[in-house]
Structures are given as C-alpha cells and as structure tokens.
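Novice: Going down the list, the sequences are from chains A and B.
For what it's worth, this note's numbering labels the leading residue of the first sequence as 1, then goes sequentially.
For what it's worth, this note's numbering labels the leading residue of the second sequence as 1001, then goes sequentially.
Everything labelled a hint here was simulated from the structure, so no lab data went into it.
Beta carbons are placed, not taken as given, at the ideal position from N, Cα and C, and that holds for glycine.
Among these hints, one or two may not hold up.
[What the hints assert, rightly or not] In silico PhoX-like cross-links for lysine-lysine, where the CA-CA straight-line distance does not exceed 20 Å:
id	chain 1	residue 1	chain 2	residue 2
1	A	Lys-73	A	Lys-218
2	B	Lys-1021	A	Lys-374
3	A	Lys-73	A	Lys-59
4	B	Lys-1129	A	Lys-2
5	B	Lys-1070	B	Lys-1085
6	B	Lys-1080	B	Lys-1070
7	A	Lys-2	B	Lys-1121
8	B	Lys-1121	B	Lys-1085
9	B	Lys-1128	A	Lys-2
10	A	Lys-374	B	Lys-1085
11	A	Lys-238	A	Lys-73
12	A	Lys-124	A	Lys-147
13	A	Lys-12	A	Lys-2
14	A	Lys-59	A	Lys-238
15	B	Lys-1225	B	Lys-1021
16	A	Lys-218	A	Lys-238
17	A	Lys-2	B	Lys-1124
[Unchecked claim] Residues from chain B that keep clear of chain A, each with C-beta distances beyond 12 Å, as calculated:
id	residue
18	Pro-1038
19	Thr-1167
20	Gln-1194
21	Arg-1219
22	His-1222
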Amino acid sequence: MKYLYLIFSSLKRKKLRTGLTILSIMVAFILFGYLTAIRQAFDAGVEVAGADRLIVRHKVSIIQLLPQSYEAKIESIDGVDNATHSTWFGGIYQQPTNFFAQMPIVPEELFDMFPEFIVSDEQKAAWLNTRSGVLVGRGLVDRFGWKLGDRIPINANIWRKKDGGRTWEFDLVAIYDGAEKGTDTSQFWIRYDFFDETRAIGAGLVGWYTVRVSDPDKAAEVAAAIDAEFANSAQETKTEPEGAFIQGFANQIGNIGFIIMSIMSAVFFTILLVAGNTMAYTVRERTNELAVLKAIGFTDLGVLGLVLGESFALTFVGGVLGLGLASMLVSLGDPTNGSFPVFYLPGSELLLGFLLIVVMAFIAGIVPALQAQKLQIADALRR
Amino acid sequence: MTDNGSPSCLVNVSGVDKVFKRGSEVIHVLGGLDLEIPDGEFLALMGPSGSGKSTLLNLIGGLDRPSEGKVEVGGLRIDKLSDRKLAGWRARHVGLVFQFYNLMPVLSAQRNVELPLLLTKLSKSERKKRAAIALDIVGLSHRAGHFPRQLSGGEQQRTGIARAIVTDPTLLLCDEPTGDLDRKSGDEILDLLQALNKEQGKTIIMVTHDVHAADRATRTLHLNKGQLSTEAVD
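All chains should be modelled from the sequences, with the hints used to inform the complete structure.
Specialist: See below:
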C-alpha cells in the first residue's frame, strides 16, 4: 500500500498521455460490456430454453400452419409429457417500430408448459375468466407504461376478424415476471379460444407446438418419433429442441457470437498495443529515475513490481470506468426498442471483464518491467 | 601509490581492477587500486575526466562490482553480496548525492526525502517525521511541500542531501555535488557537507573537479589512469 502513491504519482508525469491511454482502455471496455450485453440478448433465449422442451413446426417453413388436431396425436407419442400450441399473431401496436411478439395460446397449457412465467393466482384467474384478456410480460408493460385494466388495440396484418375489421382490442388482466434473469418478459399472450373464434381465416390451424418430454436424454428419439408420426401427411413436421429453434432465428442475421468476438479481439489487440506503447515510453524516459531507485536500495524485483504496478493502475482505472459506463448504458435498456427479449450484462461477464483487465495490464507491462528490472545502475545513471 | 589511514578503517579497497567492455574494445579504468578510508573522514577524490573517480565511488557504494579485488565496508565484503542483499545493504548504509540531484519530479520534497524510508518497516507517521527532521537539518522545512521544479538548484541539491541522510547511513557518497551550482549555492552545499562530517561524524567521499570544493575535505586523493596519489598530476 505504501508504494501506491509512488505508482499513481508516476502516472501523473505525462497527464495527457496517461489520460488518453486511460480513455482508450475505457472505450475498449465500454465496447466489451455493451457488445457482451447484445451477444447475451441473442443467446438468452437459448440459455433459458428448456432442456426438456421441443418445438414442432411445419417442415417447409415456420409460416406454414399445422392442424390443431395434431396436439392429441403428439401427446399420445411415447416419451411426451404434454404439448401446447402457439401461433404468430404479428400485429402492430400504434406503429410498426413498436414491435413485440403476440401469440395466442391455451391459458391452462401455458402455465403448465412455461413454469418460468410467474403470475399471481388472482391474475391467473382473471385471465381465465376474461376471453379478450391478455397475459403480458413485465418488460413489455414497463416499456409502454401499461397497467392492469388497460384496453390495448392491436392492428392485425395477418388475421382479419370475422366482422372484417383488423383492429383487435385486448384487456390487460394479467402480468407475468420471469423466474430467471434471462426469461423473456417481452411477450403478449392472447387466449386461443378468443383468437380462433374471432379470426376470419385459418380456424383450427396453429403455428407450432411446444412439447415437453419426460426424459430430456431421450429428446432426440421423441423428436424423431413425432416427425415420423406425420411423415407423408399433408403437413409434415420438423421437430427440434427449443434452444436450437431459438438459435436458428439469431443465425438468420449471422453468427452474432463470432462477429462480436472478432470485433472485441480486434479492439483489445489494438488497445494492448496502445497500453504497451505507453508503458514502454514510460520506462524508456525514466531510465535514470529507475536507476536512482535501485541505487537507494530498491531491489530488481521491487522496480519490476513498481512498473507492473503502474501498468495495473493505468489499466484498472480505464477498465473499471469502462465496465461501469457499459453497465450504466446497458441499464438504459434495449437499444432496438423491443427486438431483444432481454438486455442486461450478466455478472459472470463483468467478472470476465475484470479478468481481462488483469491480463491486459500484465501483458502491456511485463516487457517494460523486465527491462527496468535488468537495468545496470552505473550505466543507467550516466544516461 | 596507496595511502594508509588510521587503524579504524571503514572502507578497505584492495587490489581492485575494473574493466569495461564496449563492443570489442576493453577499457581498463582501475588497475590494482588500494584505498583505506577511516571512519569519520571527509575524502575528496579528484582527477581528470575518465580517470575512474565515479567508477571507484560506484564500487565503494555497491552500485557496481569490481572485475578483480575486494571491497570491504564496515568489515563486510560487499563485492561478494548477491544483488538482492547488496540492494538491502545500500538502503541501510549508503547515502547518495548526485551532480544533477536526481529527484523524482512528480514527488514533493518531503516525498522525495521519504523514498529511502519506504524500504524500512517504519510507519507512515514515522517516515514523515524523519523526513521532516532531515529537511530541517538541510534548512528546507519551509519547502517540504514543493516540487523539484519549484526549487532552485541549491534547494534541489539540499533536498538530495536530505534524502541521502534520512536513513542515517554509514557512508555519504557525493558525485560532483556542486557541479551544477553557482559558487554561492555550491558553498552552501559544501558548508552542509562539512557540518555533517564535523558535527555528526559522517564519513563522506566526494568526487569533484573543483579544487575549492576539495579544500573542504580532510584529505584529498588524486586518481589518474586508475591509480591513486596524494598529488595532482598535470
């Protein structure tokens, strides 16, 4: 601790250079934090996807519908615990930029299939008793400032009503929270019976099935059995684990994880060069001072420690500021205004950030520190 | 020619050679040099440039090692110590005063003087107290909070002397301490060194080109072509 003032005083030697280096490191860690949150947003659905859940969709395309009658057949297959269906509503709330997922579902089956949705008993009952009622995630409610009892109009692009109208009105009677941090609370669940009775077309057809298997280790076998059941029918199916289904959507944009990793690698490599250059200059222009420290009794290891200490101080200040600012920016919310189901910076990634600070400081400082360690006092004092 | 001191000898340099290699060139700076310095002496080392004065000072201060021979200070063969132990020995026994002061520009006078005390087990308050005493001895208590850039040359050198004496070292080694100062400031520094020698019994070895400075010492030796004598060589 007593050497701390010596370390920080040395950083004040060239304030502009130190400031710019800290700023570069800070920017690198802001990028790290924010891009990590974006990567996390793409992966979150995959991470919390049930290991015991499968998605059954039309073999040709997700936009092709399946008969509701498939549900009973799916539930009769060995290894299937239960099944429920959902459909893409695809409506617009006020304007197209207010995107969020709306899906009709059988309420009782939703609570059974998705135990990660936490709803009070009172609101569950309210939804079950209100045909036009909707269950909405907390994230979505907060986004638009809705409250229980609100009437929410949705303009349907796909599902015209039997009366010819396109505006569907729903009553917000229940709100769900996520059991885990990564649970998607941006969804808008409509009662299937209300939807099926009101829509003008597609009666009895649904978008996809979510299936719970009794034994997750046998998920592949059950998936094959389901597809085999409907092989050679008018609507053949493709069954896959829920995680893979969600990953598929992200992959349509690109390998997000790889893209982000590549960007971050380039950023950190560049910043490492900047920090390393700063440390190299710091030692080079202080050869005489370091020699004096050795002359008055600082050991070779002591001088190495001081130089490494400076590198750590520099990187730590920039890194902590960067991670802090990244956390603050992430807390401002989803930059896409609703496209991400979740948007946060996990604690594990913050820890990784701190580890990166340590590694970067070491790599940037070790060569100049070793040079300082090896300084010959008599020679260096002459410089 | 060697000079024999009194029986209570603090520094004993015996048969010392020092050779430097610069690429393929080999430079013999000191050759078979013998020197005894009694405790409490104020010794001035004079000689032309390149005669080996600073080299000899570095060997006695443990800043360099002889190519041959032995260097004993206080009965300890410092040329045999490991680098780590030599550093520790310097911290306890050697105070260094440089021609160009070599203060840390980012530290105040007080903090500069405290630097050698960081290597001790003294508490923060004790370090501060001792540094204050050292600054008082050199007459700079009122400038403790100032940085080197805010001090004159003479004040910086006095700060350097305070740093050198703060650990109460056995030896004070001064390499051209007045070399960068005007006459008046130089005289003040020499007054201080003389006072440390006479009043506190500090053993001082001072390298200098200045005859006027050498006159302040109790003994002057001349170094020429790696050999010591009591008389200057023209």
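Novice: Now look at each hint and say whether the structure bears it out.
Specialist: Each hint tested on the structure:
Of the pairs offered as hints, the one joining A/Lys-73 and A/Lys-218 holds, with about 18 Å between alpha carbons and a cut-off of 20 Å not exceeded. A hinted pair counts as satisfied when its Cα atoms are at most 20 Å apart, and B/Lys-1021 with A/Lys-374 qualifies at roughly 18 Å. Between the alpha carbons of A/Lys-73 and A/Lys-59 the distance comes to roughly 17 Å, so the proposed pair stays at or under 20 Å and holds. Using a Cα cut-off of 20 Å, the hinted pair B/Lys-1129 and A/Lys-2 holds, with the two alpha carbons roughly 16 Å apart.
Straight-line distance between C-alpha atoms of B/Lys-1070 and B/Lys-1085 comes to about 17 Å, which keeps the hinted pair within the 20 Å bound. Under the criterion of a C-alpha separation no larger than 20 Å, the hint pairing B/Lys-1080 with B/Lys-1070 is consistent with the structure, at around 8 Å. Annotation: proposed proximity of A/Lys-2 to B/Lys-1121 holds, straight-line Cα distance about 11 Å (limit 20 Å). Annotation: proposed proximity of B/Lys-1121 to B/Lys-1085 holds, straight-line Cα distance about 17 Å (limit 20 Å).
For a cut-off of 20 Å, the pair hint linking B/Lys-1128 to A/Lys-2 stands: about 12 Å separates their Cα positions. Distance check on the hinted pair: A/Lys-374 and B/Lys-1085 sit about 16 Å apart at the alpha-carbon level, within 20 Å; holds. About 15 Å separates the Cα atoms of A/Lys-238 and A/Lys-73, which keeps this hinted pair within 20 Å; it holds. Between A/Lys-124 and A/Lys-147, the direct Cα distance comes to roughly 16 Å. Compliance with the 20 Å bound is thereby established for this hinted pair.
Taking the CA atoms of A/Lys-12 and A/Lys-2, the gap is near 17 Å; set against the 20 Å cutoff, the hint holds. Proximity of A/Lys-59 to A/Lys-238 is assessed by CA-CA distance (about 5 Å); at most 20 Å being required, the pair is judged to hold. Of the supplied pair hints, the one linking B/Lys-1225 and B/Lys-1021 holds, its CA atoms being roughly 17 Å apart against a limit of 20 Å. This hinted pair checks out: A/Lys-218 and A/Lys-238 have alpha carbons roughly 17 Å apart, not beyond 20 Å.
Taking the CA atoms of A/Lys-2 and B/Lys-1124, the gap is about 8 Å. The hint holds against a cut of 20 Å. Every C-beta of chain A lies more than 12 Å from that of B/Pro-1038, the closest at about 25 Å, which supports listing it as non-interface. With a least CB separation of 8 Å from chain A, B/Thr-1167 falls inside the 12 Å interface cut-off, contrary to its annotation. Distance check on B/Gln-1194: its Cβ is at least 23 Å (rounded) from any Cβ of chain A, clearing the 12 Å threshold; non-interface status holds.
A cut-off of 12 Å between C-beta atoms confirms that B/Arg-1219 is not in contact with chain A; the least separation is 25 Å. Here B/His-1222 stays apart from chain A, with its beta-carbon at least about 22 Å from theirs, past the 12 Å limit.
Violated hints amount to a single one, hint 19; each of the other numbered hints is respected by the structure.
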